[in-house]
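K.L.:
Protein chains in written order, with this note's numbering: chain A, 1 to 533; chain B, 1 to 302; chain C, 1 to 350.
Since the hints were derived computationally from the structure, they do not count as laboratory data. All values reported here derive from a predicted model rather than from experimental measurement. Virtual Cβ for every residue (Gly too), placed ideally from N, Cα, C. Among the clues, some could well be false.
To be verified - Derived DEER-like restraints, expressed as beta-carbon distance ranges:
#: 1; chain 1: C; residue 1: 195; chain 2: A; residue 2: 372; range: 51 to 57 Å
#: 2; chain 1: A; residue 1: 394; chain 2: C; residue 2: 122; range: 47 to 53 Å
#: 3; chain 1: B; residue 1: 85; chain 2: A; residue 2: 444; range: 19 to 25 Å
#: 4; chain 1: C; residue 1: 122; chain 2: A; residue 2: 448; range: 42 to 48 Å
#: 5; chain 1: A; residue 1: 372; chain 2: C; residue 2: 206; range: 46 to 52 Å
#: 6; chain 1: B; residue 1: 124; chain 2: C; residue 2: 206; range: 54 to 60 Å
#: 7; chain 1: A; residue 1: 86; chain 2: B; residue 2: 137; range: 56 to 62 Å
#: 8; chain 1: B; residue 1: 281; chain 2: A; residue 2: 37; range: 54 to 60 Å
Here's the letter readout for the chains.
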Amino acid sequence: MNVIEMRGIVKRFGVVIANAGIDFDLAEGEAHALLGENGAGKSTLMKILYGLYTPDAGEIRVRGRTVHFSSPAGALAQGIGLVSQHFSLVPTFTVAENIALGYTSGVRFDERAAAVAVSATAARFQLDIDPATQVRHLSVGEQQRVEILKALHRECRVLILDEPTAVLTPQETESLFAAIRRLVEQGLSVVFISHKLDEVLAVSDRVTVLRDGRIVSETPTRETSQASLARLMVGRERDTTPYVTFGVSRSDGAVAGPPLLRLEDVHALDDRRLPALRGLTLTVGAGEIVGVAGVAGNGQRELSQVLSGLRHPSRGRVVVGDDSVEITRATPAEVTAHGVGRIPEDRLAAVVADLTVAENLALEHLGEFMHRGRLDREKMRRRAEALIAEYGIKASPDDRARTLSGGNLQKLILARVLSRNPRVVIAAEPTRGLDVGATEYVRGKLLEARDRGAAVLMISEDLDEVLALSDRIAVIYEGRLSGVLSASEADPEGLGLMMAGRSQNPQISQMDTHGSNDLRPSAPSADFPVGRD
Amino acid sequence: MDVVIDLAAATLRVATPLLFAALGEVYAERAGVLNLGIEGTMFIGALTGFLVGYVSQSVWLGLLAAVTVGVLAGALMGLLTVTLGLNQHVSGLGTTLLATGLALFVYRLAFSAPSVQPKSPAFSLLEPPAALGPFASLFKQYGLTYVALLFVPLTWWVLYRTTFGLNLRAVGENPEAADTAGVNVFRVRYAALMIGGALMATGGAFLSLAQLGTFTFGIVAGRGWIAIALVIFGSWHPLKVFGGALLFGALSALQLRLQAEGVAIPYQALLALPYLVTILALAVAGRNTSYPAALLKPYRRE
Amino acid sequence: MLRLKLEASAAPAWQRGLIPILAVVVTFALTAALVVLARANPLEAFYYFLIEPFTARSTAIEILVKTTPLLLTGVAVAFAFAAGYYNIGAEGQLYAGAIAAAWLGPQVSGVPAIVAVPLMLIVGFAAGALWALPPAWLKARLNVDEVVTTLLLNSVIVFFASALLNGPWRDPISGWPQSPEIAASAHLPVLLARSRLHLGALVGVAAAIAFGWVLRRTAFGLRMRAVGLGREAARFMGVNVARTTLIAALVSGGIAGLAGVSEVAGIHYHLIESISPGYGYSGIVVATLGGLNAVGVGLAALFIGLILTGALEVSRALGVPSYLGDVVQATLLLVTLALLLLSRYRLRRV
Numbered sequence: 001m002n003v004i005e006m007r008g009i010v011k012r013f014g015v016v017i018a019n020a021g022i023d024f025d026l027a028e029g030e031a032h033a034l035l036g037e038n039g040a041g042k043s044t045l046m047k048i049l050y051g052l053y054t055p056d057a058g059e060i061r062v063r064g065r066t067v068h069f070s071s072p073a074g075a076l077a078q079g080i081g082l083v084s085q086h087f088s089l090v091p092t093f094t095v096a097e098n099i100a101l102g103y104t105s106g107v108r109f110d111e112r113a114a115a116v117a118v119s120a121t122a123a124r125f126q127l128d129i130d131p132a133t134q135v136r137h138l139s140v141g142e143q144q145r146v147e148i149l150k151a152l153h154r155e156c157r158v159l160i161l162d163e164p165t166a167v168l169t170p171q172e173t174e175s176l177f178a179a180i181r182r183l184v185e186q187g188l189s190v191v192f193i194s195h196k197l198d199e200v201l202a203v204s205d206r207v208t209v210l211r212d213g214r215i216v217s218e219t220p221t222r223e224t225s226q227a228s229l230a231r232l233m234v235g236r237e238r239d240t241t242p243y244v245t246f247g248v249s250r251s252d253g254a255v256a257g258p259p260l261l262r263l264e265d266v267h268a269l270d271d272r273r274l275p276a277l278r279g280l281t282l283t284v285g286a287g288e289i290v291g292v293a294g295v296a297g298n299g300q301r302e303l304s305q306v307l308s309g310l311r312h313p314s315r316g317r318v319v320v321g322d323d324s325v326e327i328t329r330a331t332p333a334e335v336t337a338h339g340v341g342r343i344p345e346d347r348l349a350a351v352v353a354d355l356t357v358a359e360n361l362a363l364e365h366l367g368e369f370m371h372r373g374r375l376d377r378e379k380m381r382r383r384a385e386a387l388i389a390e391y392g393i394k395a396s397p398d399d400r401a402r403t404l405s406g407g408n409l410q411k412l413i414l415a416r417v418l419s420r421n422p423r424v425v426i427a428a429e430p431t432r433g434l435d436v437g438a439t440e441y442v443r444g445k446l447l448e449a450r451d452r453g454a455a456v457l458m459i460s461e462d463l464d465e466v467l468a469l470s471d472r473i474a475v476i477y478e479g480r481l482s483g484v485l486s487a488s489e490a491d492p493e494g495l496g497l498m499m500a501g502r503s504q505n506p507q508i509s510q511m512d513t514h515g516s517n518d519l520r521p522s523a524p525s526a527d528f529p530v531g532r533d
Numbered sequence: 001m002d003v004v005i006d007l008a009a010a011t012l013r014v015a016t017p018l019l020f021a022a023l024g025e026v027y028a029e030r031a032g033v034l035n036l037g038i039e040g041t042m043f044i045g046a047l048t049g050f051l052v053g054y055v056s057q058s059v060w061l062g063l064l065a066a067v068t069v070g071v072l073a074g075a076l077m078g079l080l081t082v083t084l085g086l087n088q089h090v091s092g093l094g095t096t097l098l099a100t101g102l103a104l105f106v107y108r109l110a111f112s113a114p115s116v117q118p119k120s121p122a123f124s125l126l127e128p129p130a131a132l133g134p135f136a137s138l139f140k141q142y143g144l145t146y147v148a149l150l151f152v153p154l155t156w157w158v159l160y161r162t163t164f165g166l167n168l169r170a171v172g173e174n175p176e177a178a179d180t181a182g183v184n185v186f187r188v189r190y191a192a193l194m195i196g197g198a199l200m201a202t203g204g205a206f207l208s209l210a211q212l213g214t215f216t217f218g219i220v221a222g223r224g225w226i227a228i229a230l231v232i233f234g235s236w237h238p239l240k241v242f243g244g245a246l247l248f249g250a251l252s253a254l255q256l257r258l259q260a261e262g263v264a265i266p267y268q269a270l271l272a273l274p275y276l277v278t279i280l281a282l283a284v285a286g287r288n289t290s291y292p293a294a295l296l297k298p299y300r301r302e
Numbered sequence: 001m002l003r004l005k006l007e008a009s010a011a012p013a014w015q016r017g018l019i020p021i022l023a024v025v026v027t028f029a030l031t032a033a034l035v036v037l038a039r040a041n042p043l044e045a046f047y048y049f050l051i052e053p054f055t056a057r058s059t060a061i062e063i064l065v066k067t068t069p070l071l072l073t074g075v076a077v078a079f080a081f082a083a084g085y086y087n088i089g090a091e092g093q094l095y096a097g098a099i100a101a102a103w104l105g106p107q108v109s110g111v112p113a114i115v116a117v118p119l120m121l122i123v124g125f126a127a128g129a130l131w132a133l134p135p136a137w138l139k140a141r142l143n144v145d146e147v148v149t150t151l152l153l154n155s156v157i158v159f160f161a162s163a164l165l166n167g168p169w170r171d172p173i174s175g176w177p178q179s180p181e182i183a184a185s186a187h188l189p190v191l192l193a194r195s196r197l198h199l200g201a202l203v204g205v206a207a208a209i210a211f212g213w214v215l216r217r218t219a220f221g222l223r224m225r226a227v228g229l230g231r232e233a234a235r236f237m238g239v240n241v242a243r244t245t246l247i248a249a250l251v252s253g254g255i256a257g258l259a260g261v262s263e264v265a266g267i268h269y270h271l272i273e274s275i276s277p278g279y280g281y282s283g284i285v286v287a288t289l290g291g292l293n294a295v296g297v298g299l300a301a302l303f304i305g306l307i308l309t310g311a312l313e314v315s316r317a318l319g320v321p322s323y324l325g326d327v328v329q330a331t332l333l334l335v336t337l338a339l340l341l342l343s344r345y346r347l348r349r350v
C-alpha cells in the first residue's frame, strides 16, 4: 500500500521549472532514495510534500486521501516529517525542550515530563540520546539524531531526510543507516535525498532518479548499479572513478620548491574557547597545492582564520616566505602585506556588499590609491576596469558588490588576491556554491598560481575537489592532521578513514611533513599525531 | 537598627518602578527585541496614570489607563520592529521621543500653565499589622510594591514553566527554529512587547500615583535606561534582575538619606552614582553567554 | 487564498526622491488628530508650521538659528552612524562642550576675539571628544554596546552640569543656576544685524562640508564606510576596525561638543540647566532623515529647524502646545524609516 502518492507535480520559480510533472510513490515500510545532481529538483519535490511550497499543479495523496498542505503544520498532522540539512534547533535549549517546542499543549510546560516522554520515544527507536543535554554541546551527528527524534516524537510515519550525510563522518553515517533500517523494520517510510551513489545503494530499497525536474527512472535498488545510476543521473555513461576533474589537468611529477608556508605546532581556540587546533604542523612549498580535506567542523574554519590573521594561535608559529617572516600574531593587513593571498570560505564576509566593485577591489591595498590621505578615485577606477577585463568579472566598477552573482563575487576576490602575485595563497572552500563554469575558472586560477611558483593551501570539504587539484593531501580531524599523503598515494576510502580519525599508515613516510624529495631524516616525527589519542 | 530597617523599606519603595520596568524589558529582550521605548513608555505611563486619576478622581482608573497606554506603546514597538522589521535602536528611540512628546503635549493641553501643581488622588501606604514589632516599618509599603515583588517569581514561572515562556525563549534565541516548530514568531514578539509595555507603564504610573499624586517633567529621570542596564546586569534572568533592582534601590535610598542628613556631597553626585556603577558593571560583565542570541535581529520569513 | 509576498527590489531613484515629501504628508496627516484635539484646524496648523515662518524676517532667521545646533549634532551623529557606531550620547557631548565653553569663556576677557573664539571652539571640541571616549573605548576594547553606555553618560553629565550650576557656578547676585557671563571676546560674532544668527551656523556648515569630504574623498572615510556597512568584511580586508570606530566616535563627540559651544557662546553667553532641549536626540532624527550624507543632513537639519520654529508659531497663533513639534519630529522619524523600508520591497501576489 502506498502511503504517499504524488501525481503530476509541477513547480516553477520564475522562469526556472524545478519540477516538471512528477509522479512519485512511497510505499509503507520502505527506504526510498531520491537521487539526482544539484538542481535536479529532489529537494523541491520533498519540500512540496512537507508543505513548505505549494505546487503549481498536481496532487498529493496520503493513504489514498487527497490532501493540501499550506504549511508544514499540515504535513506534520498527516505524519510527514522533514530533517533538512540546516537544523532548526535552539542551541541553549536541552534536547527535551527542543523536541517539546511547538508540541506542548496547555499553559504549563513540565520539562521533566517532557524528558521522560522523549526518552521513551528514543528507546522505542533505539536512538541513543540524553534529553537533559544542551543541544549546543552535542556533536553534529547527535544533533541530527535530535532532529529525527523530533519527527518521530510527533508520530511521523514518513520521514524525509535531505542530504543527511553531508555533515557526518563515515562512522556517523553508518549509525544513521542502521537507524534508518530500524525505522523501516518498524513500518515507517523513509525518503533519502542524496547525490551520492554508494550511499544510495547501501541504504535504500528503491531508488528514483531525477534529472532536470523529471523522473528518469524508478527501480528496486538491487536491480541497479552505480554505473547505471550515474548514467541516468547525468544522461551519459560516467567515468566510475569517484572523482571528476572537470577537465582540469594537473602537471604530474612536478617537484615542490622551498617551503613558503610553515605551520609549526599551531594550537588555537574556537569562539567558545574550546580547543579547535591542537598542534597542527604542515609545510607548503613553492609551486605545489596542498589540499586539506576533512569533514566540516574539525578546525578548518579556525585554520583559515589563523592564516588570515583573524585569530591568534594560543601556541605555535606560522611562518611565510623563504625569508621566514613570522605572521603568527599578525593583523590581516600585515598578513596581506607579507604576500599571503586569502580566499575565504564565506565570500560575503570578504566583501562589503554595499560598497562598489572598485572600492572592494581597492580596500585591501588602500595605500596605493592614497595621496596624503586623499583618495585617488580615478586610479581606483582604472585598476578596477583592468581587473574586470582580466578576470572576466561581469560587472562595472561602480556596481555595488551586492548585485554580483556568487561566481562573479569569487572572481572579484580572486582578482583582488591573485593580481598581486602572492607567494602564498590560502583558499578555503573556493568553489562552494558556484556553477560548473565558475568552478572550472576558479580551479584553473589556482593551478595557474601554483604553476607560477606560489605555495597554495586549499581547504575544502569537497573530497572530489581535493583529489582533483592537490599535489599533496592532508586530512584534518579534530584539530590535528591525521595524515599527509601525496596525491598518488591517496584514495577516497583511505582518506575517508583518516577523516574519521584513523590513519591507515601508522608510520609516516618522509614525504609527509616536507614536500621535497629531500630524504635526509627530518626532525623526529613523534610529535606528529597519527590517529586518535 | 532602625536606620537599617528604614533604609530597607526605602529600598523596596525606590526599587519598585525600576523592578516593573526591568521585568517588562526582560520579556521584550528575551523574545529578541531591545525595547529602547522604555523611557518614553514609563513617562507616558506616569502622565496617563496621573491625568486619568485627576479627571476621574480614581487611582484605579488611572492605573488601568496607564496599563492600557503601556500595551499600546508595546504594540507600536511591535509594529515597527516586528511587522516592519526596522532597526531596533532607532525604533525604540523614536518611540521614546514620540511617547515623551505626546505626554508633554497632552499635559500642556490639559493644564496650560498651572501656578499651583495639580494633584490627583494617590495610592497610600498600606499599614502593616502591629504584631510585626520593630520590623513593622519594613512592611509599610504601597500595594503596588507587593505586586512588583510578586511579578518576580511570576515572571520566572512564565519564562521557564509555561509553553508561552518556552516559545518566547525560543524566539529570542533562534526564531527560525521556533518558526519551523510552528511557533508564531510575530505573535510571540508582539505579546512580549505588549506585556513588557504594560509593566513599564505601571512602573511609570507608580511614580506619579504613589506617594504624591503629582506629575513633573523630570519624574522618570532616566530610570528607563537604568532598567535596560539592570536587564543586562542580571543576565536576562528575573531573579538576578530583581537583585540588581534591589541594589540600585539601596543606592538611591542611601543617596536620599544622605541628602536629608545634609551630607556635604552635592546630591547630583549621588544621583549620578547608579549610572556610573552600571557602566562599570557593563564593562566588567562583558559579553554574557546568556545573551539572547537573536536580540536585535529582525525576523523575516523567506 | 490571496497570498502576498515581499520581494526585495530597489525602487527607482525618482521614487526614492519622493519619500521625504510623502513622509511629511503622512506625518502631518497622523498628527492632525492632535491639532484637532487642541481645538484647532489642522490645515491652519500646517500653514503655521511650514509656511508662516518664512513670511517674516525674524522668524525666517530664527529657523536658521534653530538649525545651527541641529546641524552640528546631526553631522556629529551621522559621522558616527556612518562608521556603524551608534552615538546616542550627542546630548551629553553637547553638554560637555557647553560646560567647557562656560568654563573658558569668563577667563579670556583680555584676549582678542580672533584668538578667543577659535580657542572656545577647540576646547569645546576637546570636551565633547573626551566625553565620548569612555563608551567608545569600552566598545572598541570590550565590545560593550555603546547605545546603553552613551545613554547613561548623558544623564551623568546633565547631573554634573546641574551640580556646577547650583554650586560653584551659581550666580551670587540673583541666586539663579546660571554660570558667570563669558567674556565679550568669547562671544560668537553675530552674522546678521538685529538677529540671533551667529558664527555657529557657519561652523555647522563647515562641519557638514568636512563630513561630506571625509566620507567620500579620503581613505579614512572609505574605511569608515566599510566598517559601517560590513564590519567583518572590513576586518578581513585589513581595516583596523577598533581604531576606526574609536576615531569616528571621538570626532563625533567633538562635533557635538561644538554644538554646546554654539549655544553657550552664541546664544545665551552663559550656561543654564536647559541649555539643550534635546538637540542631541534631534540630531539622531536629523542624521537618520538625512540618510547619512552631508547634503541630506543639511536639508534635514533645516527642516527640523523649520518644524521647531513653526511649533512655536502654531502655539502662539492657535494655542496648540508647542510640544507638537516634538511629536512631529518623532513621527517624521518613524514614518521616514518605514517608507524607506517599504521602498525597498514590492508586494507581489504569489
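K.L.:
Looking back at the numbered hints, which does the structure fail to meet, lowest number first?
P.N.:
1, 3, 4 and 5
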